[in-house]
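Participant: Listed here are the chains, written in short residue letters.
Protein chains: 2
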Amino acid sequence: MRIPRNLLAAFRSEDTFLMAVHIDPDGDAIGSALALSSALESMGKKTFIFSRDPVPKYYRFLPGHDKFSTRIKEIRKKDPVLVLVDCNTPARAAIDGYSFRKSLVIDHHETERDFGDIRWIDHKAAATGVMIFHLLKTLRTAFTKEIAMNLYTAIAVDTGTFRYSNTTSDVLRVSGELVAMGADPNLVAVNLYESWEYKRFRLLVMALNTLEVRNRIAMIHVTQDMFRETRTSAEDTEHFSNFPRMIGSIKMAVLLRELDNWQWKASLRSRGGLNVARIAEKFGGGGHENAAGFKITADLKVVRELLFKAVGSSKK
Amino acid sequence: MRIPRNLLAAFRSEDTFLMAVHIDPDGDAIGSALALSSALESMGKKTFIFSRDPVPKYYRFLPGHDKFSTRIKEIRKKDPVLVLVDCNTPARAAIDGYSFRKSLVIDHHETERDFGDIRWIDHKAAATGVMIFHLLKTLRTAFTKEIAMNLYTAIAVDTGTFRYSNTTSDVLRVSGELVAMGADPNLVAVNLYESWEYKRFRLLVMALNTLEVRNRIAMIHVTQDMFRETRTSAEDTEHFSNFPRMIGSIKMAVLLRELDNWQWKASLRSRGGLNVARIAEKFGGGGHENAAGFKITADLKVVRELLFKAVGSSKK
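Residue numbers (the working numbering), protein chains in the order written: chain B, 299 to 614; chain F, 299 to 614.
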């Protein structure tokens, strides 16, 4: 992993940093920002972490998660160097409109535009957490148990705990080192996958009851009535589309979520043989080859029929 | 990992080996036996693999899975050295009654009795696959892609793909090496977790609809009627109890499976704070601290009530 020398120099010479993560931050964004912040503080630097959105409840087991702040104006007064973490434009971090004397970018996502004075973007990295690991190794900062937990979680989230195709030998070796440094794989897994609220589980069962499999598509939906009955909300449907994806004979899993009367959000997940971004584009949406989505205003039955018929005409 | 020197000597000096795995073999038993067999054959040895039960369908993606044989009598005539793999008594491998001129044991399970001329039992090993990895490294045999896939799968199965508390830094480092040697983490995960038959998924949804949560116990059941309606059988309920275990507020998940009219098999899974073996023992069953079971003949309602009341009086 080649880290830009001027990036290393900036971390060594500057004194005050603001880490900013993307909107709706995930485990990779949160863990990476927390680990980088702790490491820089151990070097005697002052750091702040900004997120427009609060840390989701299921990531509040991460050490230091209360360091996140939304007070961008106050932080701005300290004249920090900006570090975009796990994103690469100010808009993705909801800080467009603010200027900083120096901007650094550390990310593994598709580049949206050429923002930043020093950019380290590695599309091949499985997680920003892997990049931060190598950065801290090169900076020779101390790895505490807290840093190890944050980086391990960052990597676990973005690799589906070592199940996705981005799980390289380096990913596993780095994770092994992080465990040696104090990360607890079982604690991470329990927090990520086995800490569901009962009401969320009830919502899942309701959604699974709507399952229909046709034309190699598995489709489930969640209505506003179901949210009301279970006292849940949209964030509780996270990962629901992974369940019908377990069926080996299908090409695509679909979760339809009712946003409002007649308005639906469709999440499409491929099992690898189908480019679902192409299907989403037909409906004015977009995304990646294996995960895409769109919004549509129509009767549920109509939406379902349209989707069941959309695959035949779409190839990878 | 300290490997007995006489074990290494036996593998070097003997020519014909019979690997035998335990009844109802799992991924660790199957992958470990296949990897050891391939490695010994690359050393010019003749090998056989015995399993009383067929390789379960969801492990038939493993390279070489068709090497398993049930023809113990014919194999016996070749006068092989016996190697018990992932078990430590002939009874566990269903080969009691046959004698061998030399017996080796490689296992990480609790020792049942002192069987074997050379015993290598490491309770701390997360999987027999980890032991075989270190054995082959020491024997300096070639690691093919097939061996890497088999050992990676063995380790993945016994660590819940790196989610259980036996996931040590060594486990992750070894797995990283196996990926570098050609194991494919995504292919393994897809085969283990995302290749469900639709009928099995339907059975799961039916089971989840029976969910009741009370007294910090989450209970589901599967009846003979459900098996008939979905054309499934007992082996399809494997891992069902993991689903209610996802609920963070519970202490124990229970799966009740109807064996016959009025006869039920209960599988108890703890979330860590409760010794479920103690509960199973009350009903004449047994098991481990985190996973135990028993059989009971009674009306379903009665069984459920007994279990819902069994926890209050049982502490770890």
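One or more of the hints may lead you astray.
Any copy, or any two copies together, can satisfy a pair, since identical chains are not distinguished.
[Stated by the list, open to error] Simulated crosslink set (DSSO-like; lysine-lysine; CA at most 27 Å straight-line):
no., residue 1, residue 2
1, K593, K375
2, K443, K365
3, K355, K549
4, K422, K375
5, K355, K435
6, K371, K549
7, K343, K371
8, K344, K580
9, K580, K607
10, K343, K375
11, K343, K607
12, K607, K497
13, K497, K400
14, K549, K497
15, K365, K563
16, K376, K344
17, K435, K599
18, K422, K563
19, K371, K607
20, K375, K400
Don't read these hints as lab results, they were simulated from the structure. Given the structure is predicted, the values throughout are model-derived calculations rather than measurements.
Participant: Hint by hint, say whether it matches the structure.
Facilitator: Going down the list of hints, with the structure as the test:
Within a single copy, K593 and K375 get their C-alpha atoms no closer than 40 Å, and across copies no closer than 68 Å, so neither meets the 27 Å cut-off. For the homomeric pair K443 and K365, the shortest alpha-carbon distance inside one copy (17 Å) is at most 27 Å, but the shortest distance between copies (45 Å) is not. With identical chains, the CA atoms of K355 and K549 are at most 27 Å apart between copies only, with a shortest distance of 21 Å across copies and 32 Å within one. Taking identical chains as interchangeable, the C-alpha atoms of K422 and K375 are never at most 27 Å apart, the minima being 36 Å within one chain and 54 Å between chains.
For the homomeric pair K355 and K435, neither the shortest alpha-carbon distance inside one copy (30 Å) nor that between copies (44 Å) is at most 27 Å. For the homomeric pair K371 and K549, neither the shortest alpha-carbon distance inside one copy (47 Å) nor that between copies (45 Å) is at most 27 Å. Taking identical chains as interchangeable, the C-alpha atoms of K343 and K371 lie at most 27 Å apart only when both belong to the same chain, with a minimum of 20 Å there against 72 Å between chains. Taking the shortest alpha-carbon separations for K344 and K580, neither the intra-copy value of 48 Å nor the inter-copy value of 58 Å comes in at or below 27 Å.
In this assembly of identical chains, the alpha carbons of K580 and K607 lie at most 27 Å apart only when taken from the same copy (12 Å versus 55 Å across copies). In the homo-oligomer, the alpha carbons of K343 and K375 lie at most 27 Å apart inside one protomer (16 Å), although the nearest pairing across protomers, at 73 Å, exceeds that limit. With identical chains, the CA atoms of K343 and K607 are never at most 27 Å apart, being 57 Å at best within one copy and 56 Å at best between copies. For the identical chains of this complex, K607 and K497 are inter-copy neighbours only, at 23 Å across copies versus 33 Å inside a copy, given an alpha-carbon limit of 27 Å.
Taking identical chains as interchangeable, the C-alpha atoms of K497 and K400 are never at most 27 Å apart, the minima being 46 Å within one chain and 58 Å between chains. In the homo-oligomer, the alpha carbons of K549 and K497 lie at most 27 Å apart only across protomers (17 Å), although the nearest pairing inside one protomer, at 30 Å, exceeds that limit. With identical chains, the CA atoms of K365 and K563 are never at most 27 Å apart, being 33 Å at best within one copy and 49 Å at best between copies. Taking the shortest alpha-carbon separations for K376 and K344, only the intra-copy value of 10 Å comes in at or below 27 Å, while the best inter-copy value is 73 Å.
Taking CA atoms no more than 27 Å apart as the test, K435 paired with K599 passes in neither setting, with 54 Å inside one copy and 59 Å between copies. For the homomeric pair K422 and K563, neither the shortest alpha-carbon distance inside one copy (30 Å) nor that between copies (48 Å) is at most 27 Å. Taking CA atoms no more than 27 Å apart as the test, K371 paired with K607 passes in neither setting, with 50 Å inside one copy and 56 Å between copies. In this assembly of identical chains, K375 and K400 lie within 27 Å of each other by CA distance solely inside one copy; the values are 14 Å within and 78 Å between copies.
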